[in-house]
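Asks: Below are the chains, spelled out letter by letter.
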Amino acid sequence: MKDFEYHPAATVDEAVSLLSAHGERARILAGGTDLLVQLREGMREADLVLDVKKISELARLDYAPATGLTLGSTTPCYQIYNDKTLTAAYSALADAAHIIGGWQIQSRASIGGNLCNSSPAADSIPALICLGAIAHIAGPDGRRQVPVSEFCTGPGKNALKRGELLVALQFPASAKHSGSHYRRFIPRNEMDIAVVGVGSWVRLNAAGDKIEEARIALGAVAPTPLLATEAAASLVGKAPTEANFTAAGELARKIAKPISDMRGPAEYRVHLVGVLVQRTLAEAVTRAKKNV
Amino acid sequence: MKDQDLAPWPQAGFDRRAFLKGSSAAAAATTLATHATQAQAQAAAPEIVGRQSRLVELKVNGKTASVRVEPRSTLLDVLRYQLQLTGAKPVSIDGSSGASTVIVDGKPIAANTTLALDCVGKSIQTVESLGGEKPDAVVSAFVHADAMQCGFCTPGFVVAVRAFLDKNPGATEEQIRSGLNGNLCRCGTYANVVMAALEVVKGGSRG
Chain C
1065 MKDFEYHPAA TVDEAVSLLS AHGERARILA GGTDLLVQLR EGMREADLVL
1115 DVKKISELAR LDYAPATGLT LGSTTPCYQI YNDKTLTAAY SALADAAHII
1165 GGWQIQSRAS IGGNLCNSSP AADSIPALIC LGAIAHIAGP DGRRQVPVSE
1215 FCTGPGKNAL KRGELLVALQ FPASAKHSGS HYRRFIPRNE MDIAVVGVGS
1265 WVRLNAAGDK IEEARIALGA VAPTPLLATE AAASLVGKAP TEANFTAAGE
1315 LARKIAKPIS DMRGPAEYRV HLVGVLVQRT LAEAVTRAKK NV
Chain E
12 MKDQDLAPWP QAGFDRRAFL KGSSAAAAAT TLATHATQAQ AQAAAPEIVG
62 RQSRLVELKV NGKTASVRVE PRSTLLDVLR YQLQLTGAKP VSIDGSSGAS
112 TVIVDGKPIA ANTTLALDCV GKSIQTVESL GGEKPDAVVS AFVHADAMQC
162 GFCTPGFVVA VRAFLDKNPG ATEEQIRSGL NGNLCRCGTY ANVVMAALEV
212 VKGGSRG
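Protein chains in written order, with the working numbering: chain C, 1065 to 1356; chain E, 12 to 218.
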């Protein structure tokens, strides 16, 4: 690993000024489970590694049933799935947090870091998108908000400009009769990169026999995670049936533009989109029916 | 596995690494004297520390160790090459093997993807703390269940099992199989590792 300077920032302002001064030569360190590997393998270089874990605003975790969740960007994965309330309210996020690496990785890896690494196959991003999460960003020009569905701009690229950092992720309150699920396909049981990953969120009517609202997000089938708008819209007003889930899966397949690589050929990935949309919707509906 | 391999740090008697390092021990002794004042200065003025190495204190296996680290030094490098705690292994670059597992503030982590500077002020526990005259129940269970073949992944597994059972003392076989998802064994000794973990759960292994 090439040598670098290390600085633990104490405040958002301090981090922003250092990031502004160093630009691309500064890299933000949260859990480090991606960054240190990239630095060692020469995929990224840094003159300054800026540790942001000591910034209290980035470590906060505020949840209230009425207002929703504000998740500091350095919150590690384990903290989400260890919390029963959060797991119930934002199930898809807990699903993703539970399968990012092994549990040693989950002790350190942060959801914010997974988003900012902006891998097309990142597990947390379809979950964040289907849950309607919003990225809170601080930078030299002040604060701004970007929906996570618009955050990623390409493999390893995102909306963060020079001097900016991700402060927190904000989630809307978990509505009654809503449920979500993230699932990926991998050829192993654990510790692998998604061949395809899908996050689905639904809100049912009180009787549980009609879908009022839905969001579906696809991972690993395009340069960025995708919001499957048409597929989700097709479900509104429909009964939560296997046939309707399959139809939504057919629509989602249309927007998938995957590459062929060692994890699977493009046709296979398109097929998996249909399967995973159907299965994640079925599980999201099951969870929604329990959420009364 | 010999007792000597499991002895808590610092090891008594002959040590191959210490011998090979030769005079570096003397250099370490002189730097020890000045570290306290340096640490105070750092606490007062948290500035960018630069690329050069500096002395910091790490709390390892209940003892405070003064080590010289560069910003890029990983916890694994420091444990292995300065403290001679060679149980945790550099197997994978990305931590996916779990062979570098140590416990930091009660959480299992991959020491090879963690900066040493990031561990200052935290409590670090390595596999060596589980050995000694009276080895931890997990170590004994690994011996009873023959839960190793080449043995290279074993220290990481032992630490992971210890951390997992600390959190889930009554774990079922299914929970052990899904919970211990961060360690790989190329020999395929998983069945025996699970047996060892179950033996500890049942309290069947004490020294």
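Since the hints were made in silico from the structure, they are not lab data.
Note that beta-carbon positions come from the ideal geometry of N, C-alpha and C, so glycine has one too.
Treat the hints loosely; a few may be bogus.
As the list claims (entries may be wrong) - Quick look at which bits of chain C chain E covers, simulated, 3 or more residues with Cβ under 8 Å:
1. 1239-1247
2. 1344-1352
Stated by the list, open to error - In silico BS3-like cross-links for lysine-lysine, where the CA-CA straight-line distance does not exceed 30 Å:
3. K1240/C with K1066/C
4. K118/E with K1148/C
5. K1240/C with K1221/C
6. K70/E with K145/E
7. K1240/C with K1274/C
8. K1240/C with K1353/C
9. K118/E with K70/E
10. K213/E with K1118/C
11. K1117/C with K70/E
12. K145/E with K133/E
13. K1117/C with K1148/C
14. K1117/C with K74/E
15. K1118/C with K74/E
16. K1354/C with K178/E
17. K1118/C with K145/E
18. K145/E with K74/E
19. K1117/C with K145/E
20. K1274/C with K1353/C
21. K1117/C with K213/E
22. K1274/C with K1302/C
23. K70/E with K1066/C
24. K1353/C with K1148/C
25. K1118/C with K118/E
26. K1148/C with K145/E
27. K1117/C with K1066/C
28. K133/E with K1118/C
29. K1118/C with K1148/C
30. K145/E with K1066/C
31. K1302/C with K1321/C
32. K1354/C with K1221/C
33. K74/E with K1148/C
34. K213/E with K1148/C
35. K1225/C with K1321/C
36. K1066/C with K1321/C
37. K1225/C with K1302/C
38. K1118/C with K178/E
39. K178/E with K1066/C
40. K178/E with K145/E
Asks: Which earlier hints can't be squared with this structure?
Replies: 1, 2, 3, 5, 10, 17, 19, 21, 26, 30, 32, 33, 36, 37, 39
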